[in-house]
Each structure stands twice: as C-alpha cells, then as structure tokens.
Amino acid sequence: MQKKFIILLVAAIAGVGVGALLGFGPMLRYKSEAVLNMDMGTSEYKRFTELANNTSSARQFLAVFPPPQMHSGGIDSLMSAVAKGEWHKALPKVSKVDAKEVPDAVLQMERDSEKEKEKEKEKVQGKNGTKNFKENAVYLGLRLTHTASDPLEAAEMTTWLGGYFKEVATREAVREQVSHWTADNRQFSDRALEQKLKYEFDIEQAKNRALALKKIVALYPDTSSRESRQVIDVRKDNEKFMSPLAKLVGAESELIEIGEKTQQLNREIEQQAFAGGLLKEAELALKQARSGSESVSKLAAVIADYSKKVKTDAEREKLLSLAADLSQISARFMSQAQFIAQPSVPSRPERPTPLMYMVLMGGLFGALAALYIWRTAIINLLKQDTQDSN
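Note that the numbering used here has the sequence shown beginning at 34, numbered continuously upward.
For the record, the hints were derived by calculation from the structure and aren't laboratory data.
Everything numeric in this text was worked out from a predicted model, so none of it was measured.
Even glycine gets a Cβ: it sits at the ideal position worked out from N, Cα and C.
There's no promise every hint is true.
Below 20 Å or equal to it, Euclidean Cα-Cα: the simulated DMTMM-like pairs (lysine to aspartate or glutamate) are [unchecked claim]:
no.: 1; residue 1: K280; residue 2: E348
no.: 2; residue 1: K294; residue 2: D338
no.: 3; residue 1: K117; residue 2: D72
no.: 4; residue 1: K64; residue 2: E119
no.: 5; residue 1: K64; residue 2: E383
no.: 6; residue 1: K320; residue 2: D338
no.: 7; residue 1: K294; residue 2: D217
no.: 8; residue 1: K126; residue 2: E209
no.: 9; residue 1: K240; residue 2: E290
no.: 10; residue 1: K313; residue 2: E327
no.: 11; residue 1: K320; residue 2: E303
no.: 12; residue 1: K231; residue 2: E287
no.: 13; residue 1: K231; residue 2: E290
no.: 14; residue 1: K313; residue 2: D338
no.: 15; residue 1: K313; residue 2: E348
no.: 16; residue 1: K248; residue 2: E237
no.: 17; residue 1: K229; residue 2: E290
no.: 18; residue 1: K79; residue 2: E209
no.: 19; residue 1: K117; residue 2: E83
no.: 20; residue 1: K341; residue 2: E314
no.: 21; residue 1: K229; residue 2: E287
no.: 22; residue 1: K229; residue 2: E119
no.: 23; residue 1: K313; residue 2: D235
no.: 24; residue 1: K342; residue 2: E290
no.: 25; residue 1: K342; residue 2: E383
no.: 26; residue 1: K122; residue 2: E66
no.: 27; residue 1: K64; residue 2: D109
no.: 28; residue 1: K248; residue 2: E285
no.: 29; residue 1: K229; residue 2: E293
no.: 30; residue 1: K79; residue 2: D109
no.: 31; residue 1: K247; residue 2: E209
no.: 32; residue 1: K320; residue 2: E83
no.: 33; residue 1: K126; residue 2: E66
Label-pair distances were calculated between CB atoms; the ranges are [stated by the list, open to error]:
no.: 34; residue 1: E66; residue 2: S222; range: 39 to 45 Å
no.: 35; residue 1: Q296; residue 2: S222; range: 17 to 23 Å
no.: 36; residue 1: L353; residue 2: P385; range: 58 to 64 Å
no.: 37; residue 1: F372; residue 2: R408; range: 56 to 62 Å
no.: 38; residue 1: E285; residue 2: S212; range: 39 to 45 Å
no.: 39; residue 1: G74; residue 2: L226; range: 32 to 38 Å
no.: 40; residue 1: V43; residue 2: I373; range: 51 to 57 Å
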C-alpha cells in the first residue's frame, strides 16, 4: 500500500512539474490594454480595419518600423494576432449603457453641439477653398489589446499596434483624398468645355437682346419716364411685362453676371490644368510610400516642388487648397490621434494562471496513476457489474 501511495505521489509531483513547465512556459500570457483616440465614421472604421487586419500591410509596416527586441517567434505570433482582428475594438461615442443612463435631452444637446461645430468647420474650410470628406464621427477611438509571454513585450506590442493603426488610417485617408482630387479634376475637365460653350451662347443671346432693346428705347424715348410703371397685357395668361428700359437694364446685368461666371470658369480651368500634372506625380509618389507618414511626406514634397512652378494667383490658390487638405489629414490621424490610456504593463498573467496549470496537471497525472495502480480491481468491478446486469 505504501508503494502505491509513493507512485501516486510521484505521479502527482510529475504532473505539477509538467504544469509548471506549461504555465511558466508557452502557456504564460500577459495582456496589455490601451485606448487610442481617433474620431471615425462607420465606413471609415471598416476600411481601416480591413487594411489593418491584412498581414501584408502589417509586414510592410514592420519592415519600416520594427518593434524593439522582437524575435522571429514573436513576429509570427504578432502576425497571427493581426490576422485574427481581435486586437482592436471600436469605442462608440454613446454606448448602449450610456444611452440608458443619460437622459435623451442631454444626448440631443451634445449631438446639436457637435453639429454646430462641424458647420463652423465647414464654413472655415469653404472660405479657404478646401473640401472635407470626413464622415460624421460615430466612434471616438479604439481599445487595443495584445498578449505576450512577457508583460513588457505585451505593452510594447500594444504601442506598436497603435502606431500601426495610425499609419494605416493615414495612408488610406491620403489615398482617398488624392482619389477625390483626381476624380474632381477629371469630372471638371469633362464638363468645363461644355459649360464654356454654354456661357458663350448665353452672352451672345444677351448681347442680341440688349441691342434690340436699345433700338426699342431709342424709338420710344418717352418710355424712360414711365420705366417704373408696370405694363399689363390682359390676355390668356394675364402676363406681366416690364418696360423696355427695365428689360435693357436686366439684359446688361445678365451680361455682367455671365461675364463673371465665365471669368470664374476660366480661373478654375487654369487651376485644374495646373493641378493635373501635380496629381499624376502624387499618384506615383503614393505607390512608392510604405507607410502613412511616408505618404504624407512624399505628397508634401510634391506640393512643395510645385510651389516653385506657380505663376499666377489662381495656381497659388489651388496649391494652397491641396496643401490645406493634406495638412488636415496629417493633423487628424497623426497629431490628434494619441493614446488617452497608455498601454498597461500587466502585473498578473492571464487565466489560466501557472498555478492553475500545476493543479490541473497534478490532478490529471494522479488520476492516471490511480487508474493504472487499481486497473485490475477496476476491470473486475466492471465485469461483476456486467454479470449482475445479465
């Protein structure tokens, strides 16, 4: 009996040893968490996360910004975590719990305040000639998590993932902005000639009308003394006509208005022609960029290079508009996007802890040893139960 007890004890100790090897070895996991501030809309978040969960994008960023002291096994683990897409979770501005606890009137006041702020921004951007493609922000940021066998490594990888997501978002935002520029440029080119011909026709019509009205006014000079009167011709439609002099003033005013529109159109044609070459170089520069910050710097270099080619105020205005759009993206995704909760350095491992593995494996080995020691008695007991049942 003493021998059997020793065997059980040895098996249990062996199980505890195996559990310790597993618990303090490959199964030891520490989890780090952080919160990254980044306002996003729903479609923006979907686009960014689809790109961020791509291992090709992660490896490309890894080649430019490698994590500190990362071994090959850690890289494979990191790529596996990136592909699963469980390392990020969007944080809505108003959660379900908040919606239940906060009064509807307060939530509506916050929404109205945010709308007013957005309108003010749009007014400023409209004065500066810039376009804002930012969606209504539904999410205030991301909750980032990463697990590793070392607590410091877990925190460092969480920091790296935050930087990685910022770079992905920046690169996608720059790509989208350039695509909007290019689409606007092509669409304007397709419509500009049509619009110019229309204005020329309208000017010709207005000139002919003004010339005809001048002849009428010359034939009937007394109409000038009655120019404020309204002549009504009572016919089928009971139409009301202005005096010839008033019509002449209207035709001349129309000429001035169409002339202003034509001048504005010619200015836009000049601007879009100037931007056409810049956009071609911008697309080539973005293809060479390997990260979001590099795409911003390369596009900024293209804009700076074209600033040396500016000849007119119209071209300078267009260039400043493009530079303002790029500056807005850089500020939003690189400067304003910061950790509002820094990556934590966990002090305790994730469950199951090493102690749990030791207890579990010790009990398992002890149970297996008991089955082996009393195997004969167990078999006989099973046979007896079978005979009794028959």
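Okay, the hints, checked on the actual structure:
Taking the CA atoms of K280 and E348, the gap is near 38 Å; set against the 20 Å cutoff, the hint is violated. The straight-line distance between the Cα atoms of K294 and D338 is roughly 31 Å, outside the 20 Å bound, and the hint therefore fails. Proximity of K117 to D72 is assessed by CA-CA distance (about 23 Å); at most 20 Å being required, the pair is judged violated. Straight-line distance between C-alpha atoms of K64 and E119 comes to about 13 Å, which keeps the hinted pair within the 20 Å bound.
Taking the CA atoms of K64 and E383, the gap is near 7 Å; set against the 20 Å cutoff, the hint holds. At roughly 18 Å between alpha-carbon atoms, K320 and D338 fall within 20 Å of each other, so this suggested pair holds. For the hint pairing K294 with D217, the CA-to-CA distance comes to about 19 Å; that is within 20 Å, so the pair holds. Annotation: proposed proximity of K126 to E209 is violated, straight-line Cα distance about 24 Å (limit 20 Å).
A threshold of 20 Å between alpha carbons decides the hint, and for K240 with E290 the separation of about 13 Å falls inside it, so the pair holds. Restraint check for K313 and E327: satisfied, since their Cα atoms lie roughly 17 Å apart, inside the 20 Å limit. With a CA separation close to 27 Å, the supplied pair K320 and E303 exceeds the 20 Å bound. A C-alpha spacing of about 14 Å is found between K231 and E287, which places the hinted pair at or below 20 Å, so the restraint holds.
Proximity of K231 to E290 is assessed by CA-CA distance (about 14 Å); at most 20 Å being required, the pair is judged to hold. Distance check on the hinted pair: K313 and D338 sit about 13 Å apart at the alpha-carbon level, within 20 Å; holds. In summary, the hint linking K313 to E348 is supported, as the alpha carbons are separated by about 16 Å, within the 20 Å threshold. Pair hint K248 plus E237 holds up; C-alpha atoms about 17 Å apart against a cutoff of 20 Å.
Between K229 and E290 the alpha-carbon distance is near 14 Å, which keeps this suggested pair within the 20 Å criterion. Simply put, K79 and E209 have alpha-carbon atoms about 14 Å apart, close enough for the 20 Å limit, and the pair holds. Using a Cα cut-off of 20 Å, the hinted pair K117 and E83 holds, with the two alpha carbons roughly 11 Å apart. Among the hinted pairs, K341 with E314 is consistent with the structure: their alpha-carbon atoms are about 15 Å apart, no more than 20 Å.
Distance hint between K229 and E287 is fulfilled; the C-alpha atoms sit about 16 Å from each other, no more than 20 Å. Pair hint K229 plus E119 does not hold up; C-alpha atoms about 54 Å apart against a cutoff of 20 Å. Distance hint between K313 and D235 is unfulfilled; the C-alpha atoms sit about 35 Å from each other, more than 20 Å. Restraint check for K342 and E290: the C-alpha separation of about 32 Å exceeds 20 Å, so the hint is violated.
Distance check on the hinted pair: K342 and E383 sit about 60 Å apart at the alpha-carbon level, beyond 20 Å; violated. Using a Cα cut-off of 20 Å, the hinted pair K122 and E66 holds, with the two alpha carbons roughly 11 Å apart. Distance check on the hinted pair: K64 and D109 sit about 17 Å apart at the alpha-carbon level, within 20 Å; holds. For the suggested pair K248 and E285, the alpha carbons sit about 14 Å apart, so the restraint of at most 20 Å is met.
A distance of roughly 12 Å separates the Cα atoms of K229 and E293; the hinted pair therefore holds under the 20 Å criterion. Among the hinted pairs, K79 with D109 is inconsistent with the structure: their alpha-carbon atoms are about 25 Å apart, more than 20 Å. For the given pair, K247 sits about 54 Å from E209 by alpha-carbon distance, which is inconsistent with the 20 Å threshold. For the hint pairing K320 with E83, the CA-to-CA distance comes to about 19 Å; that is within 20 Å, so the pair holds.
For the given pair, K126 sits about 19 Å from E66 by alpha-carbon distance, which is consistent with the 20 Å threshold. At about 50 Å, the beta-carbon gap between E66 and S222 misses the expected band of 39 to 45 Å. Checking the proposed 17 to 23 Å range against Q296 and S222 shows it holds: the Cβ atoms sit about 19 Å from each other. The hinted window of 58 to 64 Å between L353 and P385 holds, with their beta carbons roughly 60 Å apart.
Look at F372 against R408: about 59 Å separates their beta carbons, and that is inside 56 to 62 Å. For E285 and S212, the hinted distance range of 39 to 45 Å is satisfied, since their beta carbons lie about 44 Å from each other. One distance hint, 32 to 38 Å for the beta-carbon pair G74 and L226, holds here, with the actual separation near 36 Å. Distance hint for V43 and I373: a CB-CB separation of about 54 Å, consistent with the stated range 51 to 57 Å.
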